[in-house]
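> Listed below, chain by chain, are the residues.
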Amino acid sequence: MPKYILTINKKQHRIEADSDVPLVWVLRDYVGLKGTKFGCGIASCGACTIHLNGNPVRSCQLKISTVPATAQITTIEGIGEQVLHNVQQAWLELQVPQCGYCQSGQIMSAVALLRKKPNPIDKDIDTAMAGNLCRCGTYERIRQAIYRAAKMEAEVVTRDK
Amino acid sequence: MLAESPKTNRRDFIKTSGLATLGLLIGLDAKANLLNLSSDNAAALPVEINPFILIGADNTITIINPRPCMGQGTIQSVPAMIAEELEVDMENVTIIQSDGKSKYGAQTSGNSSSIRRLWLPLRKAGAATKEMLIEAASGKWSIAPTQCYAENAKVFRKDNGQSFTYGELVEAASKLSVPQEPVLKQKNEFKILGKPAKRFDLDDRVTGKAVYGLDIDVPGMVYAAILHSPMIFGKLVSIDDSEVIKIPGVIKTIPCERTMIYTTTDSVAVIASNWWAASKGRSALKVAWDKNGLDTTLDNKEYMSRCYTAAKKDGIRFEEFNDFQSKFETSQSKLDLTYETPFLSHVPIEPETATAHVKEDGSVEIWAPLQGPGETLEEIARYLNISTEKVKIHVALMGGSFGRKAYMDFIKEACFLSNKLKIPVKVIWTRDDDIRQGPYRPALLSHMQGFVEDGKIKGFHHHMIGESILGQVFKGLADDKADPWIGEESSPNNNKYIFTEAHKVSWTNVKTVIPIMWWRSVNASNIGWGQECFIDELAHLAGKDPLQARLDILEDERFRKVLATLAEKTNYHQKLPQGSGRGIAITRAFGTIVACCITATKSGNGVKLDSVVSVIDCGIYVNADTVKAQTEGNIIMGITAAIKPGIVFNKGVCAQNNYNNYPILRINETPKIEVYIIENAEAPGGVGEAGLPPVAPALGNAIFATTGIRKRNLPIDITNLTA
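Going line by line, the protein sequences match chains A and B.
For the first sequence, the residue numbers in our numbering are 1 to 161.
For the second sequence, the residue numbers in our numbering are 162 to 884.
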């Protein structure tokens, strides 16, 4: 069985797996990071969203063999490891999750959005978040929480100046 | 860091557990009589008792939550009812999910019943315990109980402020008899109930730490991917697994069975050391199925055409006031129309999954996202032909359910396979399985007849037509009887409309083999579509504004207040700009009244949805924020049900298999949403589902107001509207 090295949440992992195992299952069943969820397997629901070199990707579409050892993989477990990320804080403030199953993916998409666009407008949120489904229907709160997180971010920047 | 806060640590205690700790244990018997279950009594418990409160001598307070959480927050709102009367702070309580044992009584989260059914019994359990603790304290101080009061897990004496912790009193209290009619607090005395509270279980749901059914990891477990018949009930003819067993990680293939409530179907499981290998193996299986005529019987169009045929005939009468037909025939101003709703899938983002370990001694342990641990325990005991004592249930968090995970087919599959292998087996369905195998919300047809006189709706007949859950699934509906569940919900007894000339509720059972089941709000979503669109059409026939036309036939003060509030919050009487329109609807389900107003604007060949405002009267409630959240969710699910495709069968096979061809609403399609709660002290109603039924008809009525196009069949493609 082929051997791979993956850099996940800044830690290196040696993994023996078939070359075609999608990253979502590598993370969940080989590395034991179960915060990344499986929902559809065709990049249609976004539950498996992670960051690859800072960009949000659907990990159900990434075969392990296509991910270089140098690529930085970040999962929900790597967001706010020491202190909760502003997005997570905002999610709690606005009580976004209902069942919460999709929220790992939602949060990963939101974190990536705010990194690119610290002051998003509705359209930016639509574009960045349209790939993440929520069957409980928390979209309105997700939108408000992204604005809240952006504001928290801006407050920190202002304070630091 | 929040993740290290005591709150999160406390969350770790939400788990099933044996209650071995010594302490005071108060429970209820089947008739909701309070029982002292502590010490000696515990050994001699009758079978049906639900012990909910455990106070340790070390002052640890544990509350058992008998209603699993699928996102609606019962893990907190149910224990809150006990904590309120017990006078303990939710911050200092450990919550344990019940494990299905019959002593906890009915444990299914469903029928929007968790708060409304447990409102009195659980508060009584809390209050009785508090009274016993007060009595124990008064004994120690040799003063009257009236000279003491309880607060924050302590009993204080009024004269000098001295106190005992509950833990210090628990031994003495456990020897006292349980007061049967403890004094309950009034609404104005509540400290927890009715106050907005943050859900402490959300901490883990934003950090990836929450353990859902899919995340269960049992040492030594293997994975199963299961190939079900594409035609759901197809008989297995042959299996060729020659390509399957070459896949690294695959252990073996096993002919399997899917046990639904009323039938069992064939399937083939691929067992592997990891799920990806199992799913690859599933794809490599070559299986022949006997169609068994299913290519013609599993057909939603054929079923619906029989519904339309039935609409031309009289149904079975459920109830009637005056002779509707004779009044209708002679009426000068009347409508006779049909409204159609499609089959729908639940599609929770977490697919069906269960882990089971049937051991050599015949006992079984189950870890699964399930709505009803009690029902599951009994059902699995029956299924495996073992005693209930040999079944141990661990309730995992549900990654959405909406009714689906009360159906135990996927749990039984894990049990079936583990029974063969005697090692832990984790079954994970694919999205394909989830959408193609059902069960679904039934498609139903509403045949509506009504008439107006003097500008008022005076006659109304709702004839519901289609397959019955009670009939198909539970085999509980005689051919000459109207479905009572549907009848009651369609009745003016429920919707409170007063039709002064005549009304009628009738039913025709059109059968289908397409498997159906409860889906969020059950039949209320089908009934609401026909009822509220038709009321709108009759209002226009009467030349009345749709809101006024409803007020004209509603005397019930709660309904009227909900509508008045909706009008106020939406500036209903203010004219909208050209090209925009409003639609409203009001329904009552699970004891809760919800009215919805949708505003739409013309866009291209269709409309875009601008805003949705819902007003909910659920009576007294536990947590305003979860009431709002549930209603917001119901709005989204209701819009999806109205404008996204229904389930379609093509030659016996469900034509959809994933979110790309069975889409649900996305954030970029979501209008602005507002929810308002009516404050009153009425008995609590259900919250998890009641917000859904008025959404689709409000939308249909908004489309008419905006474009003049009347849509009577769901789903509606709102981007391309034609009459």
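Worth double-checking, as some hints may not be accurate.
Said to hold, decoys possible - Think about it this way: if two alpha-carbon atoms lie no more than 30 Å apart in a straight line, the pair counts; the simulated DSS-like pairs of lysine-lysine are:
#1 B:Lys264 - B:Lys495
#2 A:Lys123 - B:Lys447
#3 B:Lys447 - B:Lys583
#4 A:Lys151 - B:Lys264
#5 A:Lys117 - B:Lys583
#6 B:Lys370 - A:Lys3
#7 A:Lys63 - B:Lys407
#8 B:Lys657 - A:Lys116
#9 A:Lys3 - B:Lys617
#10 A:Lys10 - B:Lys370
#11 B:Lys346 - B:Lys356
#12 B:Lys359 - A:Lys151
#13 A:Lys3 - B:Lys769
#14 A:Lys123 - A:Lys11
#15 A:Lys11 - B:Lys370
#16 B:Lys583 - B:Lys617
No lab work stands behind these hints: they were computed from the structure.
> If a hint holds in the structure, say so; if it doesn't, say that too.
Hints versus structure:
1. Using a Cα cut-off of 30 Å, the hinted pair lysine 264 of chain B and lysine 495 of chain B is violated, with the two alpha carbons roughly 56 Å apart.
2. Taken as a hint, the lysine 123 of chain A and lysine 447 of chain B pair is broken in the structure, with Cα atoms around 47 Å apart against an allowance of 30 Å.
3. Restraint check for lysine 447 of chain B and lysine 583 of chain B: satisfied, since their Cα atoms lie roughly 26 Å apart, inside the 30 Å limit.
4. Between lysine 151 of chain A and lysine 264 of chain B, the direct Cα distance comes to roughly 50 Å. Violation of the 30 Å bound is thereby established for this hinted pair.
5. Taking the CA atoms of lysine 117 of chain A and lysine 583 of chain B, the gap is near 53 Å; set against the 30 Å cutoff, the hint is violated.
6. Taking the CA atoms of lysine 370 of chain B and lysine 3 of chain A, the gap is near 28 Å; set against the 30 Å cutoff, the hint holds.
7. Distance check on the hinted pair: lysine 63 of chain A and lysine 407 of chain B sit about 20 Å apart at the alpha-carbon level, within 30 Å; holds.
8. Using a Cα cut-off of 30 Å, the hinted pair lysine 657 of chain B and lysine 116 of chain A is violated, with the two alpha carbons roughly 53 Å apart.
9. Between the alpha carbons of lysine 3 of chain A and lysine 617 of chain B the distance comes to roughly 77 Å, so the proposed pair goes past 30 Å and is violated.
10. With a C-alpha separation of about 19 Å, the suggested pair lysine 10 of chain A and lysine 370 of chain B falls inside the 30 Å cut-off, and the hint holds.
11. For the hint linking lysine 346 of chain B to lysine 356 of chain B, the alpha-carbon distance of about 15 Å falls within 30 Å, and the restraint holds.
12. For the suggested pair lysine 359 of chain B and lysine 151 of chain A, the alpha carbons sit about 21 Å apart, so the restraint of at most 30 Å is met.
13. For the hint linking lysine 3 of chain A to lysine 769 of chain B, the alpha-carbon distance of about 51 Å lies beyond 30 Å, and the restraint is violated.
14. Of the pairs offered as hints, the one joining lysine 123 of chain A and lysine 11 of chain A is violated, with about 35 Å between alpha carbons and a cut-off of 30 Å exceeded.
15. For the given pair, lysine 11 of chain A sits about 19 Å from lysine 370 of chain B by alpha-carbon distance, which is consistent with the 30 Å threshold.
16. For the suggested pair lysine 583 of chain B and lysine 617 of chain B, the alpha carbons sit about 68 Å apart, so the restraint of at most 30 Å is broken.
Hints 1, 2, 4, 5, 8, 9, 13, 14, 16, counting from the list given before, are not met by this structure.
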